[in-house]
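Each chain, written out:
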Amino acid sequence: MLKIKNLHASVEDKAILRGIDLHVKPGEVHAIMGPNGSGKSTLASVVAGKEEYEVDSGEIILDGENINELGPEERAHKGIFLSFQYPVEIPGVSVTNFVKTAINETRKAKGLEDMPANEMLKLIREKSELLEIDRKFLSRSLNEGFSGGEKKRNEIFQMAMLEPKLAILDETDSGLDIDALRIVANGVNKLKSKDNAVIVITHYQRLLDYIIPDYVHVLHNGRIVKTGNKELAHELEAKGYDWVKEEVNA
Amino acid sequence: MSKYTEDDLREELKTKEYEYGFYTDIESDTFPNGLNEDVVRAISRKKEEPEWMTEWRLEAFKAWKEMVEPEWANVNYEKPNFQAISYYSAPNSKPKYNSLDEVDPELLATFDKLGISLDEQKKLAGVAMDVVVDSVSVATTFKETLAEKGIIFMSISEAIHKHPELVKKYIGTVVPQKDNFYAALNSAVFSDGSFCYIPKGVKCPMELSTYFRINQAGTGQFERTLVIADEGSYVSYLEGCTAPSRDENQLHAAVVELIALDNAEIKYSTVQNWYPGNSEGKGGVYNFVTKRGLCETNAKISWTQVETGSAVTWKYPSCVLKGDNSVGEFYSIAVTNNFQQADTGTKMVHLGNNTKSTIISKGISAGKSQNSYRGLVQISPRAKNARNFSQCDSLLMGNECGAHTFPYIEAKNKTAQIEHEATTSKIGEDQIFYCNQRGIDTEKAIALIVNGFSKEVLNKLPMEFAVEAQKLLEISLEGSVG
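Sequences listed follow chains A and B, in order.
If you're matching positions, the first sequence starts at 1 in UniProt numbering and goes up one per residue.
If you're matching positions, the second sequence starts at 1 in UniProt numbering and goes up one per residue.
What the hints contain is simulated information worked out from the structure, not anything from laboratory work.
Just to be clear, a hint being listed does not mean it is correct.
[What the hints assert, rightly or not] Cβ-to-Cβ under 7 angstroms is the rule here; a few derived chain B residues that face chain A: (1) 452; (2) 455; (3) 459.
[Unchecked claim] Stretch-level coverage of chain A by chain B, calculated; a stretch enters the list once three of its residues show a Cβ under 8 angstroms from a Cβ in chain B: (4) 48–62; (5) 105–111.
Keep in mind the model is a prediction, meaning the values are calculated, not measured.
For glycine and all other residues, C-beta sits at the position ideal for the given N, C-alpha and C.
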């Protein structure tokens with residue numbers, strides 16, 4: 001589904017990604033871990049197409065198509081979803097209105113008519129129940145005055161509504177207490193299927209107790225320096241990142 | 001509201017230039033340029049006005065001659081040469097029409113382009129329209145329905161003939177002839193406008209609507225509107241404006257007076273979309289308007305405006321809260337793009353006890369435009385327990401525009417409660433990227449953010465107007481992100 005080949009990227013002439021190779025197949029869950037500043041969030045932004053990031057070399061391939069030159073909305077239309085670490089506020093725009101616009105814009109890009117209102121309502125009802133979201137929450141302004149947990153749950157709600165092929169969860173666990181973490185993780189698990197894939201970016205392994213990864217990659221200085229299964233995450237939790245760094249430097 | 005789909009919007013967004021920039025070729029009866037006493041008399045004669053009206057105009061003209069154009073507003077423009085303007089222009093086909101078939105087809109075509117064909121409007125919204133094209137009313141519909149309730153809705157010229165006692169009693173009582181430079185000019189030369197009277201206890205069953213349109217090259221437009229809501233009555237009045245694109249600047253100096261007698265309520269909504277000039281700042285309408293309402297006991301006046309057009313706007317719809325327990329409201333969205341300049345706001349003058357006013361102003365600046373809010377809240381020494389709440393929010397797009405807030409508060413009674421809130425925000429790249437990531441392109445993202453920002457005001461507009469206003473917001477801000 002997603003192939004990243006020798007990807008180098010920089011922001012304001014500062015090289016951050018220095019040769020990433022990653023291959024994600026449908027149905028897989030990949031975790032990307034690593035210390036602060038290793039380039040985890042940059043990788044998420046670059047795949048999503050954030051303009052401040054310059055791809056210096058390498059390729060991002062989605063379903064066989066090089067998407068390096070596509071704008072962020074075009075990538076979204078192709079099924080890439082990024083759950084933001086810090087979701088932004090849009091005052092006066094309700095969660096429902098926002099999601100409705102997102103869905104219809106994506107449909108428009110595919111040459112489809114707007115989703116009929118009754119279908120939209122049904123979908124909203126279904127997905128909000130799945131994620132245990134209070135309907136009142138949906139009429140609030142997007143992320144305005146939301147708690148950390150609400151923001152993250154809202155991200156996963158949007159993901160549920162948009163049904164992406166590839167979801168990238170950027171530090172979705174940060175700022176969540178254990179109950180919120182469980183709800184969010186359960187949501188992700190319920191949405192998982194053999195046709196879609198998830199990349200979980202996280203600093204800690206605790207989220208990986210709930211979303212079980214098939215692969216764990218360790219990012220350091222803009223490269224994937226180690227790949228393993230979920231045991232690697234436990235090892236990192238117990239021993240920290242220093243031993244990986246030492247291994248790399250050795 | 002549901003009829004307007006994304007596809008309609010997409011179609012509209014294809015037209016980047018000002019879409020109402022066309023010119024209707026209707027033969028006109030136009031005065032030569034220039035202004036003096038004779039011209040004022042000639043206008044009055046042309047309209048077959050009674051002598052008191054002629055005298056009233058001349059009084060205004062004398063005052064105007066002694067006045068100077070105000071310079072305190074935060075706008076820069078080349079002052080109009082008032083001697084280079086023609087002060088009267090009326091479509092030649094003057095007679096009133098009983099049905100649309102009789103109306104000049106060119107004119108109907110104009111309405112079609114504006115998407116406000118009378119026929120459709122009549123059916124869709126049940127709106128009675130008093131259409132003003134270049135100063136003279138050419139069509140009035142739904143008059144009979146209104147007449148049954150005793151509601152008078154006609155051009156002000158007609159009202160001067162048919163209801164002189166009402167006009168004479170109220171004209172100039174809220175905006176006196178000498179109120180300000182432009183009001184004085186208007187009082188001297190006003191060509192036409194609308195008149196509305198709602199009798200005691202009557203709730204007007206439909207939204208009253210007037211579409212103004214500047215149409216003749218080089219003519220200024222001086223509209224005069226007078227709305228009187230008698231005791232315990234209610235009316236919602238809509239005013240919408242579009243003008244064809246033109247190179248030389250066009251002057252518009254209107255006066256609107258509202259009178260809400262005891263227990264009456266007037267809701268006055270405006271969508272203003274005059275030609276703002278091109279992207280280099282050439283051309284565009286100068287919009288210097290005086291709007292004011294007077295509230296007697298327990299009366300209420302709400303001004304709601306969506307201002308997206310004009311090169312220069314100078315406009316402060318105000319309320320004089322004379323009666324006890326009266327209420328004044330001002331809800332405004334002002335959008336400026338390219339080289340537009342707007343200095344707009346309100347005055348809330350609290351004279352009665354327990355008077356209340358609310359001001360919600362949303363300014364959106366893009367391009368190289370300048371957008372100023374200017375507001376005065378005045379509590380007189382005798383007004384006990386007056387309350388005001390003001391909220392002024394500014395939204396900036398890009399780094400070359402300006403947003404300014406000039407709130408003035410004069411509280412001369414210790415029991416007054418006044419609150420003022422102001423915020424300034426910028427549409428952030430993070431917000432845009434967030435929307436993009438959800439599949440919403442940048443143009444649509446801005447429309448979404450701007451609509452969200454303006455929601456409190458958009459919600460105050462009547463439904464059919466709200467749709468038009470939303471479209472206008474999106475069209476006005478096209479191409480403002482680079």
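Please count how many residues of the region 105–111 of chain A have a CB within 8 angstroms of a CB from chain B and say whether that reaches 3. That given contact holds, which follows from 4 residues of the region 105–111 of chain A lying within Cβ reach (below 8 angstroms) of chain B.
Under 7 angstroms is the threshold here; is the Cβ of residue 452/B close enough to any Cβ of chain A for the hint to stand? holds, 3 angstroms
Evaluation of the interface hint that places residue 459/B against chain A, nearest CB under 7 angstroms: violated, 10 angstroms
Do at least three Cβ atoms from the region 48–62 of chain A come closer than 8 angstroms to Cβ atoms of chain B? Three-residue rule met by the region 48–62 of chain A, so holds; n is 5.
Hint validity - residue 455/B Cβ closer than 7 angstroms to any chain A Cβ: holds, 4 angstroms
Of the hints listed earlier, the one the structure fails to meet is number 3.
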